[in-house]
Amino acid sequence: MKTLFEKIWDAHVVKKIENGPEVLYIDRHFIHEVTSPQAFNGLRERKIPVFRPAQVVATADHNVPTINQHLPIQDELSRLQVNKLNDNCKEFGIDLYGLNHPKQGIVHIIGPELGYTLPGSTIVCGDSHTATHGAFGTIAFGIGTSEVEMVLATQCLLQYRPKKMRIIVNGLLEKGVTSKDIILYLISKLTAGGGTGYFIEYSGSAIQRLSMEERMTICNMSIEMGARGGIIAPDEKTFEYVKGREFAPKGADYDKLLAHWKTLFSDKGATFDKEYVFDASDISPMITYGTNPGMGMKINGLIPAGNGSSTDADKADLKKSLDYMGFSPNESLIGKKIDYVFIGSCTNGRIEDLRMAAKIIKGHKKAENVTVWIVPGSKLVEEQAIAEGLKDIFEAAGIPFRQPGCSACLAMNDDKIPAGKYCVSTSNRNFEGRQGPGSRTLLAGPLVAAAAAITGKIVDPTEFLN
Amino acid sequence: MEKLVKIESTCVPVNISNIDTDQIIPARFLKATSREGFGDNLFRDWRYNNDHSPKTDFPLNNPKYKGAILVAGKNFGCGSSREHAAWAIVGAGFKVVVSSFFADIFKNNALNNGLLPVQVSDDFLTKLFIKIENDVNTSVVVDLENQSIQTKDGSLKDSFEINSYKKTCLLNGYDDIDYLLNIKNEIQVFEQSFN
Ligand code: SF4
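For the record, the sequence lines run as chains A and B. Its first residue numbered 1, the first sequence is counted upward by one per residue in our numbering. Its first residue numbered 467, the second sequence is counted upward by one per residue in our numbering.
In isolation and in its complexed conformation, chain B is listed as follows:
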């Protein structure tokens, strides 16, 4: 996994609440057997018409919105456990998702793929949407070390929670699985005591 320390970028706003994993990546695209290639189908049914032509009013198709930070309405990622949702977001070039509330499984899946979910207050989120709407070049700085998010001009600022274990993992690019493989002996001892 890549390290993630500090990101400075403009944002792509998708101002919709309760975005579920079926919108992030519809089930019919889950037939692949590798992790690659999901980015093209991120938000597929919101992004494309039935004849596959892009819907120009959807932010991801609007060339004025660019950047590695996806800003979404509250309760992002509810629904299924499909990690394909995280792969699609990463595949489309995002490193951070900002929302005022995340579904649990999505949050885990994101973190396991080096995608940082930044949970901000409702107030911050509302203001951020307005600011981006007024100025598409609004630059946002996400600082994992200090657990802070702010607009570059300093006008909006918030902090976010992340547990210290996950933070260390992201800062160093470690996976959970590396950790677990290292304690296999302890797991075996546990199994014996358990039976």
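With the rest of the complex left out, here is chain A:
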């Protein structure tokens, strides 16, 4: 009896080192401009080629501007880094979705979109949100640059088996509750370190009901609990999503794989090291108030006073966070004025997210006190949003529709939130300075963000859904 995770992992073990890690074979390796240059340097120093270039896919996303992408990148260091990726991909024979490629986009968005992400496979990338691909029943996790070099050189990694956790969410979601709210809720319950050492399987009726895009949002933020990754058993929705994608197997190859994919679920009686069960009806629209993603609450709730915290360190941590955010214990955030709204990132930059945002924004004007950035996750998302008229809706509200990239999620490009300003953001991290030095981030789903965009403050988005 095996868990879903074990079935996939076991099938990828090349060998086990005695008293040591396992050698894990990697099917698909995504790379981007920020965490790969030093790995290529390593290959050059060792005078070795990329072992399986056809299994590597590259994109420029972290560092790219989100306006005027047709012009040379203004920031010199960013330009050098993006050019370096171009050169490295050419030298080592790797397919690249570089800036201005018609299918460029955030690495975790284009992987599934183009059919590179397949159930039952192992996927790594020098980026912690690689966990996103787990939505397809895939073992996907982030790695460091030394490991990027290892995979480039050998298509393998030395890995210790993580512990197994299962999170079950049953029941029906209330209206206005998105999958982002589910994951923010789970992180607030389990804390930012609660998943460390584990790989999480999400299951239960509420998870099964989610679309593929919604499942990606959940798996994406597994790392925000410290987990190596998250995984959801593939089902008809998964198979349907993958079928016909550009690089997905076709015809007889697809059928053969499909038969295998259908065996990918946790056997009845398979055991987990830890298991949690939650009820979907307990989840409301969420928002974070602090500086780690575990500091989240119901949007209508009150900031905790930390009385229940176990240690002095936890209390000090809460105080430091609230001081940074300019909030107080027991405060409500409803009605709080904000300065920026960012809708995008690999967490919420897919077409369904933009549709949700458009639903709220349609027929309204952006509030005067806010700057709003809506950034599609990829060129294909951008194209579709234009075709569906979403771009027109945003522009009629006075919100420019930008070009694909990571943007304000990590603020490596010019999309930075100024010091002291509040940003309601659909990204995944609210760390100090994540969106620019001194920036204050409130993480939320696309509905909360869109409602903030038209009101200029924090409001419960359900009011706008009738």
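What the hints contain is simulated information worked out from the structure, not anything from laboratory work. Please note that the accuracy of each hint is not assured.
[Said to hold, decoys possible] Listed below are the simulated SDA-like cross-link pairs for lysine to any residue, each with C-alpha atoms no more than 20 Å apart in a straight line:
| no. | chain 1 | residue 1 | chain 2 | residue 2 |
| --- | --- | --- | --- | --- |
| 1 | B | K633 | B | V471 |
| 2 | A | K47 | B | N651 |
| 3 | B | K618 | B | N600 |
| 4 | A | K421 | B | D517 |
| 5 | A | K337 | A | K457 |
| 6 | A | K315 | B | I482 |
| 7 | B | K650 | A | Y25 |
| 8 | B | K521 | A | K262 |
| 9 | B | K650 | A | A11 |
| 10 | B | K521 | A | D323 |
| 11 | A | K163 | B | I628 |
| 12 | A | K16 | B | L647 |
| 13 | B | K497 | A | Q69 |
| 14 | A | K16 | B | Q654 |
| 15 | A | K15 | B | S605 |
| 16 | A | K47 | B | Q658 |
| 17 | A | K16 | B | I653 |
| 18 | B | K650 | A | G42 |
[Said to hold, decoys possible] Label-pair ranges, simulated between beta-carbon atoms:
| no. | chain 1 | residue 1 | chain 2 | residue 2 | range |
| --- | --- | --- | --- | --- | --- |
| 19 | B | K472 | A | F92 | 36 to 42 Å |
| 20 | B | N515 | A | E45 | 36 to 42 Å |
| 21 | B | E599 | A | E76 | 42 to 48 Å |
[As the list claims (entries may be wrong)] Some chain A residues judged to face chain B by a derived CB distance under 7 Å, without partners named:
| no. | residue |
| --- | --- |
| 22 | I17 |
| 23 | P21 |
| 24 | V34 |
| 25 | S78 |
| 26 | D127 |
| 27 | S128 |
| 28 | G142 |
| 29 | G144 |
| 30 | L172 |
| 31 | L173 |
| 32 | G193 |
| 33 | F239 |
| 34 | K243 |
| 35 | N292 |
| 36 | I386 |
| 37 | F431 |
Where is the CB? At the ideal position from N, CA and C, for every residue including glycine.
Dock chain B with the ligand against chain A, hints included.
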């Protein structure tokens, strides 16, 4: 990679929990294409004011704290997979990081760069912070062979876990990649059986 066997040093304490990789090295410094030069920007936004003048109250700027051992609050290194975090710590001259809990990816990245993460008990960590505060010259000995950490005066002592494979690597200065390159034939055989 350099060998790492035993370190004896004074410590630099950063008594903050949940230090994430964005604090260790903010994203705007990730534009370099080599591994060098990250040490200067370690804890950048805690270390410097906006006008680039050093914040004198931050331990790394305080000349009384020196040494190759960084002591940090629990859940160190959470957040992104950027190895630049490990490069920044190594670049600033540290060989050991002590905390009561480490994020997974950070731990791997540290080990791949010859930086030893030493996970101690909450109690040991609290006492170590107090001891350093009372005496900045507190010397700490980290012995990888015996997997022990103690203050030189012997008043505080704890042991730490490290898997035997990684321990051998550090003691001998080997990399994972050397190992993997040596078994390429086995990897090829695996690929054939897999398809
Ligand atoms: S959008 Fe943010 S989290 Fe996602 S890959 Fe880009 S920087 Fe990382």
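Hint check results:
Proximity of K633 (chain B) to V471 (chain B) is assessed by CA-CA distance (about 9 Å); at most 20 Å being required, the pair is judged to hold. Pair hint K47 (chain A) plus N651 (chain B) holds up; C-alpha atoms about 18 Å apart against a cutoff of 20 Å. With a CA separation close to 15 Å, the supplied pair K618 (chain B) and N600 (chain B) stays within the 20 Å bound. In summary, the hint linking K421 (chain A) to D517 (chain B) is supported, as the alpha carbons are separated by about 19 Å, within the 20 Å threshold.
Restraint check: the Cα-Cα separation between K337 (chain A) and K457 (chain A) comes to about 4 Å, which is no more than 20 Å; the hinted pair holds. Distance check on the hinted pair: K315 (chain A) and I482 (chain B) sit about 11 Å apart at the alpha-carbon level, within 20 Å; holds. Only pairs whose Cα atoms come within 20 Å are accepted, and K650 (chain B) paired with Y25 (chain A) is accepted, the gap being roughly 11 Å. Of the supplied pair hints, the one linking K521 (chain B) and K262 (chain A) is violated, its CA atoms being roughly 58 Å apart against a limit of 20 Å.
Restraint check: the Cα-Cα separation between K650 (chain B) and A11 (chain A) comes to about 18 Å, which is no more than 20 Å; the hinted pair holds. At most 20 Å may separate the alpha-carbon atoms for a hinted pair to count; K521 (chain B) and D323 (chain A) meet this at roughly 18 Å. Note on K163 (chain A) and I628 (chain B): the hinted pairing holds, with a Cα-Cα distance of about 17 Å set against a maximum of 20 Å. Restraint check for K16 (chain A) and L647 (chain B): satisfied, since their Cα atoms lie roughly 15 Å apart, inside the 20 Å limit.
The hinted pair formed by K497 (chain B) and Q69 (chain A) meets the criterion: a straight-line CA distance of about 18 Å does not exceed 20 Å. Annotation: proposed proximity of K16 (chain A) to Q654 (chain B) holds, straight-line Cα distance about 16 Å (limit 20 Å). Taking the CA atoms of K15 (chain A) and S605 (chain B), the gap is near 42 Å; set against the 20 Å cutoff, the hint is violated. With a CA separation close to 25 Å, the supplied pair K47 (chain A) and Q658 (chain B) exceeds the 20 Å bound.
Annotation: proposed proximity of K16 (chain A) to I653 (chain B) holds, straight-line Cα distance about 12 Å (limit 20 Å). Between K650 (chain B) and G42 (chain A), the direct Cα distance comes to roughly 17 Å. Compliance with the 20 Å bound is thereby established for this hinted pair. Our hint of 36 to 42 Å for K472 (chain B) and F92 (chain A) holds, since their Cβ atoms are close to 40 Å apart. Separated by about 38 Å at the C-beta atoms, N515 (chain B) and E45 (chain A) satisfy the suggested range of 36 to 42 Å.
About 43 Å separates the C-beta atoms of E599 (chain B) and E76 (chain A), a value consistent with the hinted range of 42 to 48 Å. Given the 7 Å rule on beta carbons, the hint for I17 (chain A) holds: about 6 Å separates it from the nearest Cβ of chain B. The closest approach between the C-beta of P21 (chain A) and any C-beta of chain B is roughly 6 Å, which is under the 7 Å cut-off, so the hint is satisfied. Hint status for V34 (chain A) relative to chain B: holds, with the closest Cβ pair at about 5 Å, below 7 Å.
Here the hint on S78 (chain A) is kept, as its CB sits about 6 Å from the closest CB of chain B, short of 7 Å. A hinted interface residue such as D127 (chain A) counts as satisfied when its beta carbon comes closer than 7 Å to some beta carbon of chain B; here the least separation is about 6 Å, so the hint holds. Checking S128 (chain A) against chain B: minimum C-beta separation of about 4 Å stays under 7 Å; hint holds. Against a cut-off of 7 Å between C-beta atoms, the interface hint on G142 (chain A) holds, since the closest Cβ of chain B lies about 4 Å away.
Below 7 Å, beta-carbon pairs count as interface contacts, and G144 (chain A) has one with chain B at about 4 Å; its hint therefore holds. A cut of 7 Å between beta carbons decides the hint on L172 (chain A): the least distance to chain B is about 33 Å, and the hint is violated. With a cut of 7 Å, the hint placing L173 (chain A) at the interface with chain B is violated, because the nearest CB-to-CB distance is about 28 Å. The closest approach between the C-beta of G193 (chain A) and any C-beta of chain B is roughly 4 Å, which is under the 7 Å cut-off, so the hint is satisfied.
For F239 (chain A), the suggested interface contact is broken, since its CB lies about 21 Å from the closest CB of chain B, more than 7 Å. Evaluation of the K243 (chain A) hint against chain B yields a violated restraint, the C-beta minimum of about 21 Å exceeding 7 Å. The criterion of a C-beta within 7 Å of any C-beta in chain B is met by N292 (chain A), whose closest approach is roughly 5 Å, and the hint holds. Hint on I386 (chain A) is violated. Least Cβ distance to chain B is approximately 29 Å, over the 7 Å limit.
Because the smallest distance between the Cβ of F431 (chain A) and any Cβ of chain B comes to about 4 Å, under 7 Å, the interface hint for this residue holds.
Of the numbered hints listed earlier, those contradicted by the structure are 8, 15, 16, 30, 31, 33, 34, 36.
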